[in-house]
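Given these sequences and hints, build the entire structure.
Residue numbers (the numbering used here), protein chains in the order written: chain A, 1 to 179; chain B, 180 to 279.
What the hints contain is simulated information worked out from the structure, not anything from laboratory work. All residues carry an ideal CB built from backbone N, CA and C; glycine is no exception. Where hints are given, some of them may not hold.
[As the list claims (entries may be wrong)] Okay, derived cross-link-like pairs now, DSSO-like style, lysine-lysine, Cα gap no bigger than 27 Å in a straight line:
hint, chain 1, residue 1, chain 2, residue 2
1, A, K62, B, K185
2, B, K268, A, K3
3, B, K236, A, K20
4, B, K248, A, K20
[What the hints assert, rightly or not] Beyond 10 Å from chain A on every Cβ pair, some chain B residues (computed):
hint, residue
5, Q183
6, Y199
7, M211
8, G233
9, S251
10, D254
11, K261
12, E269
[Claimed, not checked] With beta-carbon atoms standing in for the labels, derived distance ranges:
hint, chain 1, residue 1, chain 2, residue 2, range
13, B, M270, A, F92, 55 to 63 Å
14, A, E178, B, D275, 38 to 46 Å
15, B, D201, A, I166, 46 to 54 Å
16, A, K87, B, Y238, 35 to 43 Å
17, A, L99, B, Q243, 16 to 24 Å
Okay, here's what each chain looks like letter by letter:
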Amino acid sequence: MKKNAFIKSLNQELSFLSRKEREEIIHYYDEMISDALEHGESEEEFVATLGSPEEIRGNIQKDGTFMDKVKNQFGHSFSQVFDTTVKVIGYFFFCIFALVILSVSFSFVTSGLTMIAVSVYQLIVQPDAATLETVYQFSVILLGTGLGILGIGLFKWFFSTAKDMIQKVFKTVKSLLEK
Amino acid sequence: MDIQLKKGILELLVLASLKYDDSYGYIIIQEMKEVIEISESTLYPILRRLEQQGLVKTYETVYQSRIRKYYSITDLGSKRLKESEMDFKEMNKIYDYILR
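Okay, here's the thing in structure tokens:
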């Protein structure tokens with residue numbers, strides 16, 4: 001990894017710390033890498049010896065003195081974590097709710113239209129029983145197709161968007177537990 | 180090496196590296212690497228702890244249009260280092276006994 005990518009990633013990993021604390025750590029690594037490069041060390045190799053940003057975050061979380069600070073600002077940092085969790089979960093439920101509404105309205109529209117079509121057809125044409133049966137079958141097929149497509153859409157949504165979101169929720173909960 | 184033992188030794192090594200002159204991160208770690216296995220990521224919490232305990236203080240200077248943080252040992256830090264010299268003399272006796 002190059003210096004810039006490392007610093008950027010580290011900055012993201014340390015977002016749970018106060019801004020002052022984070023800036024100090026970032027400055028430490030920034031200065032260290034700059035000095036190493038000036039002493040002729042290879043950028044990629046030197047950055048690799050620092051450990052990954054994830055590891056650095058892990059060590060800081062394990063370090064008692066950093067966590068004391070977090071505990072001192074417990075109300076603040078806890079509410080921050082709580083906020084994100086609530087946001088993620090809220091967003092998740094909102095999506096499910098929106099889809100339920102969408103599918104219900106879709107069903108209403110299709111069944112309503114089918115009913116109207118069938119009734120109008122009966123009024124105008126006054127068909128015999130066999131024709132009526134065919135029309136009903138046709139409308140059922142239409143309705144079934146609509147529901148089927150909706151189902152596929154829901155599955156697709158679940159395996160793309162929902163999966164990511166569930167993972168996000170798990171990740172947030174995990175980091176909460178680690179704290 | 181035992182972690183607790185190493186932690187204490189690392190703190191003393193940082194103080195020792197500042198004994199005669201102020202220094203900055205990269206140089207401190209280069210000096211320490213000559214005598215002990217340590218990574219840059221291990222050094223940071225130590226520097227931070229020493230500063231919190233008032234054993235070192237920091238100041239910033241501009242070097243080639245970037246800021247460089249210097250560390251210098253405080254009176255309290257020098258005192259601690261002095262005390263540790265006595266500890267090490269005592270430790271030497273203990274090691275001699277263990278390794279006899």
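Hint check:
1. A C-alpha spacing of about 17 Å is found between K62(A) and K185(B), which places the hinted pair at or below 27 Å, so the restraint holds.
2. For the hint linking K268(B) to K3(A), the alpha-carbon distance of about 43 Å lies beyond 27 Å, and the restraint is violated.
3. This hinted pair checks out: K236(B) and K20(A) have alpha carbons roughly 17 Å apart, not beyond 27 Å.
4. Restraint check for K248(B) and K20(A): the C-alpha separation of about 15 Å stays at or below 27 Å, so the hint holds.
5. Separation of Q183(B) from chain A is adequate, the least Cβ-Cβ distance of about 13 Å exceeding the 10 Å criterion.
6. No beta-carbon of chain A comes within 10 Å of the beta-carbon of Y199(B); the shortest separation is about 20 Å.
7. At the 10 Å boundary, the C-beta of M211(B) stays outside the reach of chain A, the nearest C-beta of that chain being 13 Å off.
8. No Cβ of chain A approaches the Cβ of G233(B) within 10 Å, the least distance being about 14 Å, so the stated non-interface status holds.
9. With 10 Å as the threshold on Cβ separation, the claim that S251(B) sits away from chain A holds: the shortest Cβ distance comes to roughly 16 Å.
10. With a least CB separation of 23 Å from chain A, D254(B) remains clear of the 10 Å interface cut-off, as annotated.
11. Residue placement check: K261(B) keeps its beta carbon more than 10 Å from all beta carbons of chain A (closest about 25 Å).
12. For E269(B), the condition that its CB be more than 10 Å from all CB atoms of chain A holds, with the nearest at approximately 27 Å.
13. Taking the beta carbon of each, M270(B) and F92(A) are about 58 Å apart, inside 55 to 63 Å as hinted.
14. About 44 Å separates the C-beta atoms of E178(A) and D275(B), a value consistent with the hinted range of 38 to 46 Å.
15. The beta-carbon spacing between D201(B) and I166(A), approximately 52 Å, falls within the hinted interval of 46 to 54 Å.
16. Under the hint 35 to 43 Å, the C-beta atoms of K87(A) and Y238(B), about 41 Å apart, fit the expected range.
17. Judged by the Cβ atoms, the range 16 to 24 Å given for L99(A) and Q243(B) is violated: they are separated by roughly 57 Å.
Consistency note: the structure conflicts with the earlier hints numbered 2, 17.
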